[in-house]
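A.B. asks: Here's the letter readout for the chains.
Number of protein chains: 2
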Amino acid sequence: MSSLTLAIDAMGGDRGPAIVVAALTRALQSFPETHFLVFGDSRVLLPLFQAEKIQNHPRVSLEHTDEVIEMDDKPGQSLRTKPKASMRLAIEAVAEGRAQACVSCGNTGALMAIAYVRLKTIPGVIRPALVAQIPTEKGCPGFLLDLGANPRCDADTLFQFGVMGSVLSKEVAGIAQPKVALLNIGVEDIKGTDAVRQAGQQLANCTDINYIGFIEGNDLFSGKADVVICDGFTGNIALKSCEGMAQLVYKKLSSSLKGHWFSRLMAWFLLKRFKKAWQWLNPDQYDGASLLGLRGVVMKSHGNASATAFYHAIKQAHAESSLQVPERIHDRVESVLLKSQ
Amino acid sequence: MSSLTLAIDAMGGDRGPAIVVAALTRALQSFPETHFLVFGDSRVLLPLFQAEKIQNHPRVSLEHTDEVIEMDDKPGQSLRTKPKASMRLAIEAVAEGRAQACVSCGNTGALMAIAYVRLKTIPGVIRPALVAQIPTEKGCPGFLLDLGANPRCDADTLFQFGVMGSVLSKEVAGIAQPKVALLNIGVEDIKGTDAVRQAGQQLANCTDINYIGFIEGNDLFSGKADVVICDGFTGNIALKSCEGMAQLVYKKLSSSLKGHWFSRLMAWFLLKRFKKAWQWLNPDQYDGASLLGLRGVVMKSHGNASATAFYHAIKQAHAESSLQVPERIHDRVESVLLKSQ
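Going down the list, the sequences are from chains A and B.
Sequential numbering of the first sequence, starting at 1, is according to our numbering.
Sequential numbering of the second sequence, starting at 1, is according to our numbering.
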């Protein structure tokens with residue numbers, strides 16, 4: 001696909017539109033063929049465009065709206081009462097075919113609700129899933145889903161997450177036969193909830209999926225599985241707890257080095273080396289949780305996203321739409337559903 | 001309490017009885033008033049006792065049994081078919097009042113089932129919870145429960161975990177008014193499952209508990225809460241995922257330092273500093289997950305526990321029984337239940 005258009009919700013997130021505009025400026029350089037439809041308040045955005053010198057950029061169209069979905073708005077209410085919200089308009093642009101993907105760092109619940117109602121799921125898909133890349137020991141990124149779009153899931157939904165995650169890993173990470181696992185509290189067949197055990201049976205019976213069984217939390221980053229499936233409550237808490245742990249380890253290691261006169265002397269060298277390792281684990285570069293299973297690409301950037309993080313979310317959206325991930329999921333879900341009928 | 005007796009299941013775990021005997025030898029030195037009843041196969045244990053020179057120790061009694069619960073035995077089956085298993089006998093010793101606590105690194109499900117049936121819960125307690133200490137940024141340990149004894153929990157059960165965790169934090173960590181939080185996928189009232197939201201209401205209404213609301217995964221180690229409550233599926237996966245993440249960060253930081261000639265030269269120094277920080281995070285020193293809510297102390301050491309880890313589990317069991325944690329929980333549960341009637 002030579003020319004893509006991405007719709008950007010410039011108003012969501014905790015840090016305001018400045019990080020979105022900074023990320024957009026960087027994306028304009030990285031993707032010289034891509035157009036951007038930017039939705040938001042022109043009184044706020046134009047000065048930021050001017051500061052970044054992109055106010056007259058031929059590949060940027062600003063579409064003004066002063067309606068914004070706040071971070072604490074209720075999803076259903078946002079859907080009903082804010083038809084002109086920047087997030088809503090960005091999703092509508094995808095629904096109308098004016099854009100191939102949309103990116104937002106706004107309210108996750110509202111994004112999910114609006115995308116679900118306006119874009120709809122791919123035929124046969126029960127629920128969209130929020131999926132993100134995670135670092136693994138082997139270097140190749142893994143995928144974890146769901147991350148909170150569906151707090152509790154039945155077996156059929158978990159099974160479909162396996163099918164969709166497998167397509168994503170194949171298309172985006174280029175893994176021919178992605179290893180799919182269910183996250184559980186033990187590896188034995190008897191462990192876990194009914195939904196997890198039943199989904200395990202369904203995945204094991206599906207010849208289209210390279211299902212490897214249950215894995216426990218300590219294998220999340222080992223690279224044992226390329227795609228890890230769980231309900232949204234579990235996935236959200238697992239991933240956020242790990243972010244907390246990574247921060248804690250980093251702080252502890254840094255402060256233990258600062259304590260000694262010799263390491264203080266060596267700080268410039270050590271911090272440089274630390275940063276290199278940290279960069280590899282930096283949550284910013286894994287930013288961009290995709291709502292998988294919709295008829296279009298919807299990318300959620302972290303509510304607290306930095307410009308770097310939002311740029312990575314744009315990059316992810318660009319990759320998924322170039323690779324036509326929704327179309328590939330459509331094909332795979334159709335073929336798996338046909339076989340299981 | 002001047003003289004305690006601890007019952008030790010010497011046969012469970014992945015690494016065999018050698019680590020248990022090594023931990024016991026260390027515990028004999030640390031707790032010069034404490035007696036140990038050791039359950040297991042004397043043909044295996046006696047040579048290990050001899051190697052550690054504790055075969056005639058006045059504070060060690062070996063009670064022979066050749067029945068063992070294997071790591072993959074089903075809980076219910078172990079309960080019915082292995083009345084003489086080392087784990088069973090260790091729990092019976094507590095039930096009979098011959099010991100104040102038991103420690104095992106065997107099959108968690110079996111330990112839970114046998115303890116539940118033989119020791120029974122404190123009157124009013126619905127379900128025992130598996131609880132462990134976690135490191136926090138502030139230095140003071142936090143407590144996380146449940147860790148897998150109850151994969152799914154209703155609101156009443158989660159509420160009781162709050163009450164019991166609060167007692168544990170007060171007695172063991174010495175915190176006068178422990179801050180109790182529910183682990184959730186957002187901090188707003190509307191977030192999470194029905195059970196979590198209802199438990200939040202119950203905790204907020206309970207004047208006996210210093211309830212601070214929902215926290216997300218990234219605050220698990222921040223020290224924002226002293227006691228963090230969740231169902232066993234979530235807690236198990238959160239904690240194990242974090243172990244996986246800590247290992248990954250450590251490996252990454254170490255290998256990035258090894259790459260440079262200067263850091264290779266400095267390796268002896270850096271590794272020493274790293275180990276100091278690592279020690280603080282080392283899962284071994286947080287070993288010992290307690291089954292809270294029973295009429296006696298039951299301590300679960302990690303299935304893959306090292307001698308150091310098992311020693312820490314013994315230390316925890318010693319602390320909880322000296323501090324009479326089950327009696328304190330009994331008092332608190334009684335008073336909270338009376339008030340809510």
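Careful, some of the hints might be misleading.
Copies of the same chain look alike in the list, so a pair counts if it works inside one copy or between any two.
Derived lysine-lysine pairs resembling DSSO-like cross-links, with alpha carbons at most 30 Å apart [what the hints assert, rightly or not]:
1. 82 with 339
2. 120 with 53
3. 252 with 179
4. 179 with 74
5. 82 with 315
6. 251 with 179
7. 224 with 251
8. 339 with 84
9. 252 with 74
10. 339 with 53
11. 315 with 138
12. 74 with 53
13. 170 with 252
Source of the hints: derived by calculation from the structure; they are not laboratory data.
A.B. asks: Does each hint fit the structure? Answer for all of them.
C.D. replies: We went through each hint and held it up to the structure:
In this assembly of identical chains, residue 82 and residue 339 lie within 30 Å of each other by CA distance neither inside one copy nor across copies; the values are 42 Å within and 46 Å between. Neither within a single protomer nor between protomers do residue 120 and residue 53 lie at most 30 Å apart by alpha-carbon distance, with minima of 37 Å and 71 Å respectively. Taking identical chains as interchangeable, the C-alpha atoms of residue 252 and residue 179 lie at most 30 Å apart only when they sit on different chains, with a minimum of 23 Å there against 34 Å within one chain. In this homomeric assembly, residue 179 and residue 74 come within 30 Å of each other (Cα to Cα) only across copies, at 28 Å, whereas the closest approach inside a single copy is 37 Å.
Taking the shortest Cα distances, residue 82 and residue 315 sit within 30 Å of each other inside one copy (28 Å), while across copies they are farther apart (58 Å). In this assembly of identical chains, the alpha carbons of residue 251 and residue 179 lie at most 30 Å apart only when taken from different copies (23 Å versus 33 Å within one copy). Taking the shortest alpha-carbon separations for residue 224 and residue 251, both the intra-copy value of 28 Å and the inter-copy value of 16 Å come in at or below 30 Å. For the identical chains of this complex, residue 339 and residue 84 are neighbours neither inside a copy (42 Å) nor across copies (51 Å), given an alpha-carbon limit of 30 Å.
In this homomeric assembly, residue 252 and residue 74 never come within 30 Å of each other (Cα to Cα): the closest approach is 38 Å inside a single copy and 40 Å across copies. In this homomeric assembly, residue 339 and residue 53 never come within 30 Å of each other (Cα to Cα): the closest approach is 54 Å inside a single copy and 66 Å across copies. Taking CA atoms no more than 30 Å apart as the test, residue 315 paired with residue 138 passes inside one copy only; the shortest distance there is 22 Å, against 37 Å between copies. Taking the closest pair of Cα atoms, residue 74 and residue 53 never come within 30 Å of each other, the shortest separation being 36 Å inside a single copy and 67 Å across copies.
Within a single copy, residue 170 and residue 252 get their C-alpha atoms only as close as 37 Å, which misses the 30 Å cut-off; across copies the closest is 26 Å, which meets it.
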